[in-house]
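Asks: The lines below spell out each chain.
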Amino acid sequence: MGVLTGIVVGSILFVFFSRTSNETYISIGPMNSGHEDFSCNTCHSDAEGNLWQQIQSNSQFAIGLRENAVDFGTIDVETKKCLACHERDNDRHPTHRFLEPKFKKAVKQINTANCNTCHSEHHGKRMTLQKTDYCMHCHEDLTVKNDPLDVPHSKLIANEAWGTCLQCHDFHGNHEYQVPHKMKDTISNIRLKQYFEGGIDVYSSNKKFVALSEKEWIAKYISNH
Amino acid sequence: MKKALYTLSSLYAFFLISCGGVPEKSTNTSVEKLVFSVAEVLEMVSKENDVTRTLYTKAIVGAGKKQGMKFDEDWQKEEVEAGPLPALFLRGIANDIQKSEVPLGLYLGSDFPINKANKFEGKQAELFHQIKKDRAPQHFFDEEQKMHTAMFADVAGAAACVSCHNKHEQTTKDDWKLGDVMGATTWQYPTDSLSYKNTIAILKAYRNGTEAVYQDYLHEIAAFKTSSKPEIGDKWPSDGGLYLPSPAVFLDSVRELAAYETMTTLLK
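Protein sequence lines, in the order shown, are assigned to chains A and B.
Residues in the first sequence are numbered consecutively from 1, following the working numbering.
Residues in the second sequence are numbered consecutively from 1, following the working numbering.
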C-alpha cells in the first residue's frame, strides 16, 4: 500500500513540476531584471545522459574510475551562454579581456571574466555585487590629463573613493549619455543602488545595443546551425 | 537480514560503478593528424595580423586622415562620427574571434599604453622587456590557465601610429619613433599541436574578425548624420578623395599581402 501511495504521489508531483506553467515553483529565486519572462530552458539545457547515468558517472569519478565528472541534471550556465544574447562590440570591459595573463592579479580579487560574479541569477536584481569599488583592481594608477571633473580623479583615487566611479561611468559602456563634469551632477549612490536592484536606468534610456530576446536568440541559434 | 542487506548494497554499488554512465569525453577526439606546433600557427596568424593592421593604419587611417576622415576611440558612440583607431580595430577582431568556436585569445598591451590598465604585468612585462631588446617572439605555457601563450612585437609601422600616440591627450610617452616596438600582441591557444583543420579554423576566425570590424566601421559611416560619407567601392583614400575600399577589396588586399607568409607555413 505504501509503495503504491509513493508511486501515485511521486507521479503527481512529477507531472505538476514538469509543466512549464509551474516552473516558478522549482526556480531557486526570482529572475533578474530583463529576464523575467524566461523559461528554465532559456538558460538551462539538459546535461548529457539520464539521471542514472549521471549518478553512475559521478560515483565512478568519486572513486577515481573516470577522469571527469559530469553535469548533473542540467549543464552549468556559463559566460558563453550569457554572451549569446548580451555580446556586443562596444563593451568597454568584455569578459574575455580579463583572460589575458596581465589581469591575473585583478581577477583573483574579482573574476570579471565571468558574468555571474556581478550578475548572479535568480536574485530579482540587475547587479548582485554588494560593493562597487572594483575599479580599483585595474585603475589604481589612473592619471587624467586636463581632467574635466571639478574634483580631480587624482584626488578621488588618493581618497580611495572608488564608489564614485560608477556615478559617472557605465561599466559596460552601452549607454549613450554625456558624462557630468561636476560631482554635484553625478548620479547619487542611492539612485545607483536602486538601478542595481532592478529600478529605472539612471545612466540613460538610450542604449546602442539591446540584448536579444529569447525569440531573437532562438532565431539566431537556428540560422547558425 | 543483515546478509540480504549486504548483498543488496553490494549489488547496488556494483551496478552503480561497474559499467554504463555518460561516455568519457576524450581531450583529443580528433583523428586528424597533428601537423603544426602551436608556436608555428600563432606566428602565422600574428603575421596576418601585422599585415592587416599595417594596411588599416597606413591605407585607411593615415591616408584617410589626409582626406579629412576622422578616427576616434569613442567611434561607436552615437554622437561621434569616426572610424576605429588601429588598436580598437584589433580589439574588435579579438572580440569577434571570441564569438566563434575557435578558442583563440588575442590581446594588445604595452609598457607605455594610453590606458594604464593595459600596461603589462608579471610574466608578460618580463617577456616584453626581452622583446624590446631582440624583437623575437616569446612563447610560454601559462600553467594557471593551461594556455599556450605567445607574444609578438608590435612595431610602429606607419607614421599614423607614431603621430597619434605622441599627440594623444592621455599619452604616457610622447617621443615614439617609426620602427619602435610600441607594444606586443599576446595570443593564447589551449593545445600544443594542431591539425590542418584547426589551423585553417584559426585563420578563418581571424579573417572573419577583420571583415566583421571593417563592416562595423562601414555601418557606422552609414549612420553619419553630419559628416560627409566616403564613397565605398574599389577606390582607396590614397586615390585622392573621400573613398574607402569595400570589405571585399580591403580583404583581398590583406590576402594578397599575407599570402606568401601564410602559404609558406601551411604548405611547409
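Take these hints with a grain of salt, some might be off.
With a straight-line cut-off of 30 Å between C-alpha atoms, the simulated BS3-like cross-links for lysine-lysine are [unchecked claim]: (1) Lys81(A) - Lys58(B); (2) Lys208(A) - Lys119(B); (3) Lys33(B) - Lys58(B); (4) Lys225(B) - Lys105(A); (5) Lys131(A) - Lys173(B); (6) Lys173(B) - Lys105(A); (7) Lys146(B) - Lys80(A); (8) Lys155(A) - Lys229(B); (9) Lys104(A) - Lys66(B); (10) Lys105(A) - Lys58(B); (11) Lys80(A) - Lys229(B); (12) Lys208(A) - Lys25(B).
These are calculated hints, taken from the structure and not from any lab test.
Note that the structure is predicted; figures quoted are calculated from it, not measured.
Asks: Next, verify each hint and record whether it holds.
Replies: Comparing the hints with the structure gives:
1. Only pairs whose Cα atoms come within 30 Å are accepted, and Lys81(A) paired with Lys58(B) is rejected, the gap being roughly 38 Å.
2. As the CA atoms of Lys208(A) and Lys119(B) are separated by approximately 29 Å, the hinted pair is consistent with the 30 Å bound.
3. For the hint pairing Lys33(B) with Lys58(B), the CA-to-CA distance comes to about 39 Å; that exceeds 30 Å, so the pair is violated.
4. Distance hint between Lys225(B) and Lys105(A) is unfulfilled; the C-alpha atoms sit about 43 Å from each other, more than 30 Å.
5. Our distance criterion of 30 Å between C-alpha atoms is broken by Lys131(A) and Lys173(B), whose separation comes to about 34 Å.
6. A C-alpha spacing of about 25 Å is found between Lys173(B) and Lys105(A), which places the hinted pair at or below 30 Å, so the restraint holds.
7. Simply put, Lys146(B) and Lys80(A) have alpha-carbon atoms about 19 Å apart, close enough for the 30 Å limit, and the pair holds.
8. For the hint linking Lys155(A) to Lys229(B), the alpha-carbon distance of about 42 Å lies beyond 30 Å, and the restraint is violated.
9. As the CA atoms of Lys104(A) and Lys66(B) are separated by approximately 41 Å, the hinted pair breaks the 30 Å bound.
10. At most 30 Å may separate the alpha-carbon atoms for a hinted pair to count; Lys105(A) and Lys58(B) exceed this at roughly 36 Å.
11. Note on Lys80(A) and Lys229(B): the hinted pairing is violated, with a Cα-Cα distance of about 36 Å set against a maximum of 30 Å.
12. Only pairs whose Cα atoms come within 30 Å are accepted, and Lys208(A) paired with Lys25(B) is rejected, the gap being roughly 41 Å.
Against the hints set out earlier in the document, violations occur for numbers 1, 3, 4, 5, 8, 9, 10, 11 and 12.
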